[in-house]
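**Q** So the chains spell out like this:
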Amino acid sequence: MDRVSLSLIHRSPDHTVTTEFMLELLAYDFMQRSLLAAALVGSVCSVIGVFVVLRGLAFAGAGTAHAAFAGVTLAYLLDLPPLSLAIVFGLATVWITGWVEEKGRMKLDVSIGILYTATMALAILFLGLMKSYNPEVYGYLFGSVLSVTTEELLTIGGLSVVVLGTILLLSKELYFIAFDQEMATASGVPARQIFYLLLTLVALTVVISLKTVGAILVFAMILIPASTAYQLTHSLTQMTFYSMMIGTFCAVSGVLLSYAFDLPSGPSIVLLATSLFFLAVCCSPKRLHRIQRQ
Amino acid sequence: MTHPIIRFDHATFGFPGVIALEDLSLSIPESEFVGVIGPNGSGKTTLCRAVLGLMAPLQGTLRVLDCACEELRCHHRALIGYLPQKGLLDRNFPVTVLEAVMMGRYGALGLFRRPAQKDRDIAREALAHVGMDHHRNSALGALSGGQQQRVFIARALAQQPRILLLDEPTTGLDLTAQHSVVELIQQLHRELRLTILMITHDINMIRSRVDRLVLLKTKLFAEGPPQDVLKPEILSQVYGKDLVITDKDFVVVEDYHHH
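One line per chain: the protein sequences are A and B, in this order.
Numbers given in our numbering equal positions in the first sequence, counted from 1, plus 4.
Numbers given in our numbering equal positions in the second sequence, counted from 1, plus 51.
The following block holds chain A by itself, in its conformation from the complex (with noise of 0.2 Å):
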């Protein structure tokens, strides 16, 4: 069945047709893979969102993105593989920045916008230096989830296991310094620590996703689901929660949407996290509180 014929299924309104449009979607091996890549990096970015937003370091995040694209240009550049340089890239700048914001050398939005420039004008220097055009490069700046081959799908899963697990054990800790970092280290938490591998979680995060949602929108994906939670609780572990699973349902929902609809599936996944972005905006319980309070 070609792609046109089964987006004129999915939009009839039978809901048997729609299951018989997913169940056809699931029988292609590459739509397996895109499906849960995109669950892996929405439910992984999303997680790490809550600490980026509530830290306060998404302009950092933002920089990481970029710097990581850099390092898969040099990859290619020199035959390497992709994803080991752009970790290089993402780690060293993101750590650049916490080393930076520590020692207050100078305001955080200007190191990062440096570093965030200074890593584009490499990446397209990289560019400029190969010989011939190549698309895979610019599947990593937009995205191609639908291309994920399995070495990727393992390398995601691999690297999602590694984030979300650090996540778990040590959530009591990123949540004390997204709180306050002061209070969490007069406290006799390692906080200077804690921060670091935050930063090291929110590099390998942008790491895993590049492929998915592409560079210029991987952020998106950190920010968005996070930022929705936000407006919706009053605690820690709802918000972790809620940013889940919002994270997830975009990432596979966008998936979808781009293959019935034949759109890109980087935008679809990020526009369709802005639009829950706005309605919970409008519908955010804390915001209704306030203005009822007014």
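Hint data in this document are derived by calculation from the structure and do not stem from the laboratory.
Model, not experiment: these values are computed from the prediction.
Accuracy of the hints is not assured; some may be wrong.
For lysine-lysine, the following DSS-like pairs were computed, each having C-alpha atoms within a straight-line distance of at most 30 Å [said to hold, decoys possible]: (1) A/107 with B/270; (2) A/107 with B/282; (3) B/282 with B/270; (4) B/282 with B/268.
We have chain A; now place chain B onto it with these hints.
**A** The following block gives chain B in isolation, referenced to the frame of chain A:
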């Protein structure tokens, strides 16, 4: 005098080229309630950070809980309950009162260990001590400034500390809330026999409540019972001649007194 739990010995703190607190010698025995006063920039917060082990002395020594402050490790810090200066709390920060107080247990628990029922009971008990247990499921941001300070004191108590370090706990509160928070601190001192170091600008509020006052002006200017420290000749040297003591023993700025 009982064994000092905090002991500064000719300790100087600061950064290269900037001395924040010079040649401080001071011993604080267990269970004493000490008020630390002084004008802005006199070294009060430096003293606080030093006790927390966040600043090492440039000269001299500081021992806290029988340990040199530069060697204070996480398990020592977990015994020091700290209430930092009131910052601007994001009223939308998603944390309930109980979640905020539970954070006080995290240092003592250590890495990788999940809070158990016992930790939740300790947090509830700390909330009960400050009269906020009935608010445990409320959003922290929905509370008033005074209630939030009570919650942060409960967070410090949940550490089961030996020392309670309070950095200007009444700043930014209205008069009623200030009074209520200081009453609470005094009550905790009475009931739990904690060693309390309270940094404050509000001399009148604490003068009758502390065992001892420490007056700083980048060095130890005076220390002793409040009546010995709050003398016009001492205060005028630190705050200037506009600060006077009224016939009812209140310390005021002269211009205000005359109006």
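**Q** Evaluate each hint against the coordinates.
**A** Hints versus structure:
A hinted pair counts as satisfied when its Cα atoms are at most 30 Å apart, and residue 107 of chain A with residue 270 of chain B qualifies at roughly 27 Å. The hinted pair formed by residue 107 of chain A and residue 282 of chain B fails the criterion: a straight-line CA distance of about 42 Å is larger than 30 Å. Our distance criterion of 30 Å between C-alpha atoms is met by residue 282 of chain B and residue 270 of chain B, whose separation comes to about 18 Å. For the proposed pair residue 282 of chain B and residue 268 of chain B, the alpha carbon gap of about 16 Å is at most 30 Å, so the pair holds.
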